[in-house]
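S.K.: Sequences and hints are given; from them, build the entire structure.
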Amino acid sequence: MNNPINLRRRIHNIIAVLYPLYFGSKYLKGKRWVLYSVISISIITSATRLLIPVLIGDAVSSIQSLNFATLEYFAILILIVSAVSGFFQFFVNYGSQYISQLYAYGMRKNIFDHLMKKKFLFFETQTSGDLLSRSTMDVDATRNFIMNTTNQLLPTLFMILFSVVFLFILDPIYSLIFIVTVPALILTGVVFQRKQRLHWRKIRTYYGDMNEELQENIVGNRVVRGFSIEDEEIKKFSSTTNSYFDEYMDVARLRGFYNNLMPLTISIAATAILLYGGYTSIINASQVGNLVAAVNIFSIMTFPISFLGRLIVFSENARAGIQRINVVLSDEMQEDIQGPNRTKHSGDLEIKNVSFQRGKRYIFRGVNLKIPQGEIVCITGKTASGKSSFVNLIPRFYEPTSGIISIGGRDISQISLSELRRTVALVPQEITLLSGTIMDNITLSDTTLSTEAVVKAARIADIGDFVDSLPEKYNTRVGERGITLSGGQRQRVAIARAIVAEPKILILDDATSSVDPETELEILKKVKEEMSGTTVLIVTHRDSAIKFADRVLRLQNGSVEEIFDITSDLKGITDGYTFNNGGDSNAA
Amino acid sequence: MPRSYEEEEEDVLKSEKGAKVFRRLVRQILSHRRDSAYLIIAVVVTAIAGTLYPLALGLAINGVINRNFTDLYIFGSAFLGFYIIQFFSNRIRTISSTGVAQKTIKELRDRAFENVQRVPVSFFGKVKTGYLISRITNDAETLSEFLTFQIPQVVSGISTVIVSISIMFYLDFNLTLYALIVIPLLSGFTVSIQRMVRRNYLRTRRTIAAITGNLAENISGIRAIKSFNVEDRMATRFDGLNNDNFEANLKAARLSSIYGAIIRVIEATGIAIVLIAGAQQLLAGAISVGILVSFVVYVQEFFDPVTQLSQLYNSYQSSMVGITRIYGIIDSTPDEGAKAGNKKVESFSGSIKFNNVSFYYGDSPALKDINIEIKKGEKIGIVGHTGAGKTTFSNLLLKFYNPTSGSIFIDGVDLKTIDTNTYRHLIAPVLQEPFMFRGSIIENIKTFFPEATDEMIIDKAKQFGLYPLFENLESGLNSEIGEMGRNLSEGQRQAISILRAFIRDPEILIMDEPTSQIDPYSEKLIISSLNSFLKGKTLILITHRFSMISLVDRVISFENGEKVEEGTFSELLNSNGVFRKMYNIQYNTGA
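Protein sequence lines, in the order shown, are assigned to chains A and H.
For what it's worth, the numbering used here labels the leading residue of the first sequence as 25, then goes sequentially.
For what it's worth, the numbering used here labels the leading residue of the second sequence as 156, then goes sequentially.
Some clues are possibly wrong.
Each computed BS3-like pair below joins lysine-lysine, with the alpha-carbon atoms no more than 27 Å apart [claimed, not checked]:
| hint | chain 1 | residue 1 | chain 2 | residue 2 |
| --- | --- | --- | --- | --- |
| 1 | H | Lys258 | A | Lys259 |
| 2 | H | Lys571 | H | Lys531 |
| 3 | H | Lys571 | A | Lys219 |
| 4 | H | Lys498 | H | Lys508 |
Read the hints as simulated data drawn from the structure, not as lab findings.
All of these numbers come straight from a predicted model, not from anything done at the bench.
M.R.: Written out as structure tokens, the structure reads:
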């Protein structure tokens, strides 16, 4: 402690406990006055609460001197002071709740808005469970701390100050004894906090592991069973829950010591007062009222002070939560969505010298390509050749490392995302439908779309007949509380959703992988017939789509080559599908 | 379909079920005998010490009044003594209550997880993954607060009240009656607002559940939201739910704040009554000033347990709902097949025989009267449209389900009676949806084959033509695959799934659309490497594409759950059935 830097750091550590309150206050917008009012009012409640032991002491003195008139006076005063204290306590409690809930509300809104603006890459670097826990548990940890700070921590600190004052009035020595205990209490708190920090961190890590192991095990239940590794899985999970348990026990042992050390410290001081006060009272033959008041003040302070230990834990959790929340709130990986609505650009697509890299590795380099409006282009290539990355550049889900992509003659990096994505619709392979009806899902882009438009799109996507076979047709609910659609059905709903938005460029990124070949052909046929004028990019490694294409491109070794003679190349591809026993010749 | 939170909560709280579940929980807690014994002793000792110190204080004060130094020192030390006892007993209480709580929670999690390994595969079709995870992690966690703090608090509160009332009656009967006047007032008030508290509480829970659900959906659906520019609409919807939660919480806060304020007034009333009545008793010579001081402290101490009881109720409610769901998972019926079968199999030497096998999902038939015989070493192709029953066929063969009627015989033994574990050791599946664990590709394989070395895995990948598929990854087979394998393409995931099955080197290989996401060039490479590997092995290949048909000796076509054709490739192509039609469509020859 004699080292000034060390001391400063220690003081900093103590003040840091309150950091979540400071952080939270930034999200109260125009309601910061509520926070200040609550803090001011809690000064009154703290004072009135401590006034009661003093009044009790006076009452006892009255009894001791058999002065019943003053006894009644003090009894009534106790009632009045309590009523006043209770009245103000209401504002402190309600105000703390109000502030903390306002913070939670504002913070969730903030996180949500930021999430909506994040780039795709962000969602690929974060697990969904992690994002979810940031927006719920981490926000709640801060909220919890803010609430407990305004209705427990700050009042306790005020009460400590008032205790010093009141005890001083009763007897300066009482006050001195109390003051001596305060650094001891703070030191206990600080040591406790430092010792348990690492354990809490580990607890959170193990909790995360538990979640991930469960998720994998449940999603992979067939593989686990298929390879009969159930027992290994049980062992693995049990060892994680065991580590979790061990950490909790370590915390409990620390808590058992330090948390109970605080009330013990206070009671040692209370005993000192009792003995000292008793001694002087006997010597001076004075009233016991002051002594009773002083001891009572200590017994009132025991509970709030021992609660301080838990508040330190709350602060720890809140600060860890804030760190994780800040990852979402940072401006990194933000998209710029703004721009005029409704505008659509033409479907001419030009790609000039575009390269794309992931990490240090180039997926493709220097690609040049022109696709005039209305053309249907098939993009093939080996597994993981970068087909999907390539088309994801067009709606700017990914950004190219270099080069320019333009639509209708305009560089897409200069077009607002809302315009661009109105022009380009991309249907990915894996589809998540939002909860709601099938209609809600198809009309996602525009809720004012007519039923005819929806039915037409559903017909093109070959999902119309299926929807009609459902009792509630387009009003059938899907998702968490509705029916579960198969992968192929989800893909078809997603295609309908894209078609109904009437994009100028439609990208099907392996969007029919779970649909059977016949249906796939039907869909592509109808898309070709009914969406003339729309530029269509089909990513696939199957030959069946190729016959609908005006042009076929192949991604290979980081560059795009055009296959000019489709028929001869088709032959090359289908060679892979032919049979040893000479199936080709059998075709009618 | 999982029911809504409110439905479940109402169900648990309104019926006898809550009490029953609670009793089961208590039994489970008490089964940790040492910890719970320590806990109970510690709690009771703490409570007794806590109720004795006001008496010591009163007697010490009496000593002061009577100018008796000895009394002051004796009772003053006793005062501190009781606190020191409390320090030790509270320490034991903290440790043992965490012990009991965390042991119980660990046990619940482990048992739930274990049962998740035993339930039939069909269970996962009914229950959502997120639901299961949240039960085993979150719901178990909510118990922590309840078990660690609330339950010991109740025991402590009850002991405190009993001990202190006894002491008070012993000290002065009449004054005790006066002191207890506020108790009916306090408990009456607490009970009367419970209904409102509960309603408010339910609303806060419901609204926060809605927020979590909405968030989860928005995160998983972020692609669609961005694609269609509906970020603002989604934000408005979220804001609505967020606001509902805010309002619900404020309403609950208003009530609890009023409660807190009124409690304080009731407490003061109690103290005033004791002071005035105490003065009368003092005058009558029944008590001393010191005892009166003790009474004042006792009245103050009554209020803590009672106000804590009101918090307990909320914690009790959410814990009971949580634990009911966890017990629900623990009690789910385990896989009947696994339980019934006890015949161990070590090898496969004869044949697989489907004898009149039918299978129903609920009421709808997926397979009808299937009769098939597959001899050891045979290579069978199962073809048919989506929904024809191909995957159901493989699910039955993998014993994920048992047939609704009919039997499957392995070497003449009914599959139902065979021990699932030993049977599955003979098989390697390549499932339709390839599933990945965390870690690198190599680590992933090692999850299944802990004894495999890096070199061996790389060799195998090269041997089966799978290696080139990973060449574009930064660190090849040592690349991290990310959550659910998302750093990889579908095709790469399938390749891992295939590699896994090949390394197992099984007697029977069951492949369900193994290469649907792999490009024809790579597929060709895989197929050509397979010929030698498959020698002597039995292959069941399920597909609605024809790319791998060259590997099979015999093709069986399914349609609407029935076997419609069986024969060699040329036989089926020459007959005018499903197979021929499918072939024509895919090769555009005459469709």
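S.K.: In ascending order, which of the hints set out earlier in this document are inconsistent with the structure?
M.R.: 3
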